[in-house]
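Protein chains: 2
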Amino acid sequence: MEKLVHLDQTNTNSYSSITKNGSQGQPRAGILGGGQLGRMLLQAAANYPVETFVMENDPDCPSAHLCHHFTKGDITNFNDVYNFGKGLDLLTIEIESVNEDALEKLQQEGVKIYPHPSALRIIKDKILQKQFYKDSEIPTSDFIITQNKEELLQQEHFLPAVHKLGKGGYDGKGVQIIETKADFEKGFNGPAVLEKMVAIKKEIAVMIAINDKGDIAIYPAVDMVFDQKLNLLDYQLSPAELSEKTMWKVEAVAMKVVNGLKSPGIFAVELFVDLNDQVFVNETAPRVHNSGHHTIEANYSSQFDMLWRVMLGYPLGCTEHILPAAIVNLVGAEGFSGPAVYEGLDEIMKLENVFVHIYGKKQTKPGRKMGHVTILSKEKQELIHQATRIKNNLIVKSHS
Amino acid sequence: MEKLVHLDQTNTNSYSSITKNGSQGQPRAGILGGGQLGRMLLQAAANYPVETFVMENDPDCPSAHLCHHFTKGDITNFNDVYNFGKGLDLLTIEIESVNEDALEKLQQEGVKIYPHPSALRIIKDKILQKQFYKDSEIPTSDFIITQNKEELLQQEHFLPAVHKLGKGGYDGKGVQIIETKADFEKGFNGPAVLEKMVAIKKEIAVMIAINDKGDIAIYPAVDMVFDQKLNLLDYQLSPAELSEKTMWKVEAVAMKVVNGLKSPGIFAVELFVDLNDQVFVNETAPRVHNSGHHTIEANYSSQFDMLWRVMLGYPLGCTEHILPAAIVNLVGAEGFSGPAVYEGLDEIMKLENVFVHIYGKKQTKPGRKMGHVTILSKEKQELIHQATRIKNNLIVKSHS
Numbered sequence: 005m006e007k008l009v010h011l012d013q014t015n016t017n018s019y020s021s022i023t024k025n026g027s028q029g030q031p032r033a034g035i036l037g038g039g040q041l042g043r044m045l046l047q048a049a050a051n052y053p054v055e056t057f058v059m060e061n062d063p064d065c066p067s068a069h070l071c072h073h074f075t076k077g078d079i080t081n082f083n084d085v086y087n088f089g090k091g092l093d094l095l096t097i098e099i100e101s102v103n104e105d106a107l108e109k110l111q112q113e114g115v116k117i118y119p120h121p122s123a124l125r126i127i128k129d130k131i132l133q134k135q136f137y138k139d140s141e142i143p144t145s146d147f148i149i150t151q152n153k154e155e156l157l158q159q160e161h162f163l164p165a166v167h168k169l170g171k172g173g174y175d176g177k178g179v180q181i182i183e184t185k186a187d188f189e190k191g192f193n194g195p196a197v198l199e200k201m202v203a204i205k206k207e208i209a210v211m212i213a214i215n216d217k218g219d220i221a222i223y224p225a226v227d228m229v230f231d232q233k234l235n236l237l238d239y240q241l242s243p244a245e246l247s248e249k250t251m252w253k254v255e256a257v258a259m260k261v262v263n264g265l266k267s268p269g270i271f272a273v274e275l276f277v278d279l280n281d282q283v284f285v286n287e288t289a290p291r292v293h294n295s296g297h298h299t300i301e302a303n304y305s306s307q308f309d310m311l312w313r314v315m316l317g318y319p320l321g322c323t324e325h326i327l328p329a330a331i332v333n334l335v336g337a338e339g340f341s342g343p344a345v346y347e348g349l350d351e352i353m354k355l356e357n358v359f360v361h362i363y364g365k366k367q368t369k370p371g372r373k374m375g376h377v378t379i380l381s382k383e384k385q386e387l388i389h390q391a392t393r394i395k396n397n398l399i400v401k402s403h404s
Numbered sequence: 005m006e007k008l009v010h011l012d013q014t015n016t017n018s019y020s021s022i023t024k025n026g027s028q029g030q031p032r033a034g035i036l037g038g039g040q041l042g043r044m045l046l047q048a049a050a051n052y053p054v055e056t057f058v059m060e061n062d063p064d065c066p067s068a069h070l071c072h073h074f075t076k077g078d079i080t081n082f083n084d085v086y087n088f089g090k091g092l093d094l095l096t097i098e099i100e101s102v103n104e105d106a107l108e109k110l111q112q113e114g115v116k117i118y119p120h121p122s123a124l125r126i127i128k129d130k131i132l133q134k135q136f137y138k139d140s141e142i143p144t145s146d147f148i149i150t151q152n153k154e155e156l157l158q159q160e161h162f163l164p165a166v167h168k169l170g171k172g173g174y175d176g177k178g179v180q181i182i183e184t185k186a187d188f189e190k191g192f193n194g195p196a197v198l199e200k201m202v203a204i205k206k207e208i209a210v211m212i213a214i215n216d217k218g219d220i221a222i223y224p225a226v227d228m229v230f231d232q233k234l235n236l237l238d239y240q241l242s243p244a245e246l247s248e249k250t251m252w253k254v255e256a257v258a259m260k261v262v263n264g265l266k267s268p269g270i271f272a273v274e275l276f277v278d279l280n281d282q283v284f285v286n287e288t289a290p291r292v293h294n295s296g297h298h299t300i301e302a303n304y305s306s307q308f309d310m311l312w313r314v315m316l317g318y319p320l321g322c323t324e325h326i327l328p329a330a331i332v333n334l335v336g337a338e339g340f341s342g343p344a345v346y347e348g349l350d351e352i353m354k355l356e357n358v359f360v361h362i363y364g365k366k367q368t369k370p371g372r373k374m375g376h377v378t379i380l381s382k383e384k385q386e387l388i389h390q391a392t393r394i395k396n397n398l399i400v401k402s403h404s
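Chains as they are written, first to last, in my numbering: chain A, 5 to 404; chain B, 5 to 404.
Bound conformation, chain A alone:
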């Protein structure tokens, strides 16, 4: 009587016989990638009539059990992505490293892709992304493109700077801080971009949604505080504390990015505010994003709800916050690898204004994103106090 999960590796053409717009009269929506972003997207999808599909290599991934149809496949492989997508009405991503050639072909054949492959191409390559900001007159830090280590070595005059690999970086990998000549050895011997370091006062993120008609919804900006070591978000506060003038700049710049990308979807625009209150775009992600997780509880329409609204053709949601919020990321503690144990969870779950999200990953390892905790409070001091408490007391370890 049990539903058995049967992964038929040979069937790469499984949707060809199914008509468009769902066997149940519901739109058929695919997600490439099955991590926590997919998981939270699927939690939100269950508020709407939509048939969901996920492709990911690991059948035990956080999203696999929350969709109608799971496909084991490689999101970087043309055939896998094409075959997964070709019977669907619409398709989105939860990670940039997908095969964009397949997405382009699917788009030509009428599948709606969020974001458009053209926007994804720009964003996936940090060189193209930086060039896009420059060409679009979007303020961003100065940069030099380096094709190899040799070219990098000639840029001593440009230091201090940050060296970013053009393709393949993720979650702090593919990024090196080059403060002095001595750091050159950490640089990349391949196409990369060397970005002049900004004297940062604040790091800010803005989530923006744009639908097929071009309607835009912008969430209140958030303050991001980073862990220098892992370059993973440490905690963040919503809304950001900014002067009205800086807020306007931030919003105007973020809107310019999204308009320039010419693609519907949802975008996380990360910005620096420098010591002179100048605003620079750092990077953009063309998808739901860690910096928007608080919107699940803290805003009327969450980033996940919003993306479904965009993709299903519903009106855009309300981005206003219900209450100010903080997020703490739960990352695997140093020195622990193996089945995850959440030390201190009981104590944290006693806090009345705290919302725990554990991603259900079987294995922890140092720095792995295992969950997040959202805190709601009218008082900023209370948010920071609770964030610190959670950060110090909720530790992801392993028995082994």
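Since the hints were made in silico from the structure, they are not lab data.
Hints should not be assumed to be uniformly reliable.
Given that identical chains are not distinguished, each listed pair holds provided it fits within a single copy or across any two copies.
Derived BS3-like pairs (lysine-lysine); straight-line CA-CA distance at most 27 Å [unchecked claim]:
hint	residue 1	residue 2
1	K354	K217
2	K116	K249
3	K384	K200
4	K266	K205
5	K90	K366
6	K401	K153
7	K395	K382
8	K116	K366
9	K354	K260
10	K373	K249
11	K354	K266
12	K153	K260
13	K116	K354
Go by the hints and put chain B onto chain A.
Quick look at chain B alone, frame taken from chain A:
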């Protein structure tokens, strides 16, 4: 490459080879019934490390795709329930009409059952339930037990009253209002309870959770406004407008019910407040309940979150409301049966403080619960205004 759903009808012993506490080191939790309550339970489950199992006859039910393991089976059948439950760590219900003999056996064998089968037995039979209130000195309307129509006909002196079938009533079925002798023909010719009609000022519902240790969490009471025709909840307001004294009575009575049932779990206690501000228990449901749906957005810990906290042994959540709320149920419109179409959905989704939950049922029919909409606002008048607007403009129809 697609995950195929293979329903193996002959395998009734599918969990015997799997060890306790989950193949993934996560507790294994089962839900009997796969409707919208299961669906929302599973949305909430994805915040925690838990492996989920659902049993239900219809593999297209609203919950089937959101669990780790779906089993097609009859929740009223002893063998189906026993075989489903026997490899699990814990088990809950989303509907009362389950086989409680199987649950009792499972409980004896160490599976944790929420609610305990003993409490379920009392509640499932409206005669036993009424007797329980009386024996426990819980205020409830006067009643007479009638074994058949003949006995009913002798109770003219007791009118006006409500006749309720002992077993098998649900969502307004199995309930008849007997105002005068002429209504006797509508009464039931089987074990039933005739309840003296109360001069109702208000109908109130209170959600209460109680864990294995006996800790209790009580949600703010809500005002319920019913559709007389279908006896389905029309709209409800949270928190209820009650004098402090009446609120105390309501909470004390609801606590007494839950303490008397001697079972962990979550309970919806429905009460009447009469014209003299006397409080009477009407009925209790030993599970998540329609009258608690607003808690998803309006309270820190939702009723679904709360039941997981109870079952997984976490601390109880905070029941306080974040903002006042109203709920409107979306039921299938009269005259329409077939694939569901949600007329007016676009207009409603434009409202900024409105949260739509569509249950994903393929077919609508008159009176069927197809979804609900939650409204948040500080202003009670705004809640009522929006509830009325939604009720009048969002209609579940069918093309055919």
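These are the hints, each one checked on the structure:
1. K354 with K217: The answer is between: 15 Å across copies meets 27 Å, while 44 Å in one copy does not.
2. K116 with K249: Neither. Shortest intra-copy (37 Å) and inter-copy (58 Å) distances fail the 27 Å Cα cut-off.
3. K384 with K200: neither (33 Å within a copy, 54 Å between copies)
4. K266 with K205: neither (30 Å within a copy, 58 Å between copies)
5. K90 with K366: Between. Shortest inter-copy distance 24 Å satisfies the 27 Å Cα cut-off; intra-copy 31 Å does not.
6. K401 with K153: Answer is neither: 38 Å inside a copy and 65 Å across each miss the 27 Å cutoff.
7. K395 with K382: within (20 Å within a copy, 33 Å between copies)
8. K116 with K366: between (33 Å within a copy, 24 Å between copies)
9. K354 with K260: The answer is between: 25 Å across copies meets 27 Å, while 43 Å in one copy does not.
10. K373 with K249: This pair counts as neither: shortest intra-copy Cα distance 35 Å, inter-copy 49 Å.
11. K354 with K266: For K354 and K266, only the inter-copy Cα distance (24 Å) is at most 27 Å; the intra-copy one is 45 Å.
12. K153 with K260: neither (33 Å within a copy, 75 Å between copies)
13. K116 with K354: Cα proximity of K116 and K354: across copies only (23 Å, versus 43 Å in one copy).
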